[in-house]
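Colleague: As they're listed, the protein sequences go chains A and B.
Its first residue numbered 1, the first sequence is counted upward by one per residue in the working numbering.
Its first residue numbered 1, the second sequence is counted upward by one per residue in the working numbering.
The set of hints was computed from the structure by calculation and includes no laboratory data.
From the three backbone atoms N, C-alpha and C, an ideal C-beta is built for every residue, glycine too.
Mixed in with the good hints, there may be bad ones.
[Stated by the list, open to error] Subject to a maximum C-alpha distance of 27 angstroms in a straight line, what follows is the list of computed DSSO-like cross-link-like pairs (lysine-lysine):
| hint | chain 1 | residue 1 | chain 2 | residue 2 |
| --- | --- | --- | --- | --- |
| 1 | A | K76 | A | K34 |
| 2 | A | K71 | B | K86 |
| 3 | A | K71 | A | K90 |
| 4 | A | K90 | A | K34 |
| 5 | A | K90 | A | K76 |
| 6 | B | K86 | A | K76 |
[Claimed, not checked] Just some of the chain B residues that point at chain A, by a computed CB distance under 7 angstroms:
| hint | residue |
| --- | --- |
| 7 | E55 |
| 8 | Y65 |
| 9 | H66 |
| 10 | P68 |
| 11 | L70 |
| 12 | G71 |
| 13 | A76 |
| 14 | Y77 |
| 15 | D89 |
| 16 | R90 |
| 17 | S91 |
| 18 | Y114 |
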Amino acid sequence: MMTSLRASLLVVATLAVPALAGAADIVAGQAKVKEVCQACHGIDGNSPSPDYPKLGGQYPDYIQKALRDYKSGARKNPIMAGFAGTLTQKDIENVAAYYASQPAVLAPRY
Amino acid sequence: MFIHLERLPMIRYRVVLTLSLIFSAAVAAQTPAPAGDVAKGEEKTRMCEGCHGIEGWRTAYPEVYHVPKLGGQHAAYIVQALHEYKNGDRSHPSMRAIAASLTDQDIANLAAYYSQGGPKTQTAKK
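Working from the sequences, and respecting the hints, build out all of it.
Modeller: Written out as C-alpha cells, the structure reads:
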C-alpha cells in the first residue's frame, strides 16, 4: 500500500516537473524573434508577405508543433528547416508564446 | 561553322521560340493556383468547419494541439499548405485525406474564403 502510494507520488512529481520547466519566457521569445523570425513574419507576427503565414495570436501549441516538425524534417520546407534547426526546445516554446501573445490577426472562421 | 545568311531569320526565330518556351515553363511552374472564388470556397468549408470553425478546437491525433486559426491568413500560404498536405510534405492524417479530395480550384476557393479576415460577425480576436 505504502509502496504504491509512494510510486504514485513519484509519478505525479515526474509529470509535474516538466510542466513547471515548460513555462515559456515571452521576453526571451521576443529576443529570439528579433534575431530569427522578424524578417519574414514581422515583429508582431502580422507578416507583410503573402508567402509567409501570419502568426500574431495563433495558438502557441500549433506554432510549437510547426517548429518541431520543421526541425525534425516531418514538415518539409527548406527555408524553415534552416531556421527551426537553430532553435532549442526552449526557444521554440518561447517564440511560440511570444507570437501567441501578440495582437490577434487571425480568427477561427465559420 | 558556316551560316547561310538567308537562314538567319529562321535561326533567330528558333532562338526566340526556345527562350519563350523556357520562360513560359518557368512562369507556369511559379504560377499559383487559379483565382479563388470566395462564395464557392464557403460552400466547401463543410469539411473544414468541424475543426477550423470552432474556437479552441484541438486535434487529438497523432498528438494534441490546437488546430490553427485560418481567418485572415494569407491566401497564398493557405494554398501552399493545402498543396503540401496533398503531396505529402505535411503529414497530418486528416488534413492529408481532406486535401487529397480537393482540386486546385477548390484549394484556391478555400484560400480566398479563409483569407477574408475574421468570422462574419466579428473581427479577429484571440
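Colleague: All hints, please: hold or fail.
Modeller: Now the hints, each set against the structure:
1. Proximity of K76 (chain A) to K34 (chain A) is assessed by CA-CA distance (about 24 angstroms); at most 27 angstroms being required, the pair is judged to hold.
2. Between K71 (chain A) and K86 (chain B) the alpha-carbon distance is near 21 angstroms, which keeps this suggested pair within the 27 angstroms criterion.
3. For the suggested pair K71 (chain A) and K90 (chain A), the alpha carbons sit about 13 angstroms apart, so the restraint of at most 27 angstroms is met.
4. The suggested pairing of K90 (chain A) with K34 (chain A) holds, with an alpha-carbon distance near 16 angstroms, which does not exceed 27 angstroms.
5. Restraint check for K90 (chain A) and K76 (chain A): the C-alpha separation of about 22 angstroms stays at or below 27 angstroms, so the hint holds.
6. Between the alpha carbons of K86 (chain B) and K76 (chain A) the distance comes to roughly 13 angstroms, so the proposed pair stays at or under 27 angstroms and holds.
7. Here the hint on E55 (chain B) is kept, as its CB sits about 5 angstroms from the closest CB of chain A, short of 7 angstroms.
8. Taking 7 angstroms as the C-beta contact cut-off toward chain A, the hint placing Y65 (chain B) at the interface holds, the least distance being around 4 angstroms.
9. Restraint check, H66 (chain B) versus chain A: the minimum CB separation of about 3 angstroms is within 7 angstroms; hint holds.
10. Hint status for P68 (chain B) relative to chain A: holds, with the closest Cβ pair at about 5 angstroms, below 7 angstroms.
11. Nearest Cβ of chain A to the Cβ of L70 (chain B): about 6 angstroms, under the 7 angstroms cut. The hint holds.
12. Annotation: interface hint on G71 (chain B) holds; nearest CB of chain A at approximately 4 angstroms, less than 7 angstroms.
13. A distance limit of 7 angstroms between C-beta atoms decides the matter here; for A76 (chain B) the minimum to chain A is near 4 angstroms, and the interface restraint holds.
14. Residue-level restraint check for Y77 (chain B) holds (minimum Cβ-Cβ distance to chain A is 4 angstroms; threshold 7 angstroms).
15. For D89 (chain B), the interface hint holds, the least distance from its beta-carbon to any beta-carbon of chain A being 4 angstroms, beneath 7 angstroms.
16. Nearest Cβ of chain A to the Cβ of R90 (chain B): about 5 angstroms, under the 7 angstroms cut. The hint holds.
17. Here the hint on S91 (chain B) is kept, as its CB sits about 6 angstroms from the closest CB of chain A, short of 7 angstroms.
18. Satisfaction of the interface hint for Y114 (chain B) is found here, the shortest Cβ-Cβ separation to chain A being roughly 6 angstroms, below the 7 angstroms cut-off.
When the structure is compared with the earlier hints, no violation turns up for any of them.
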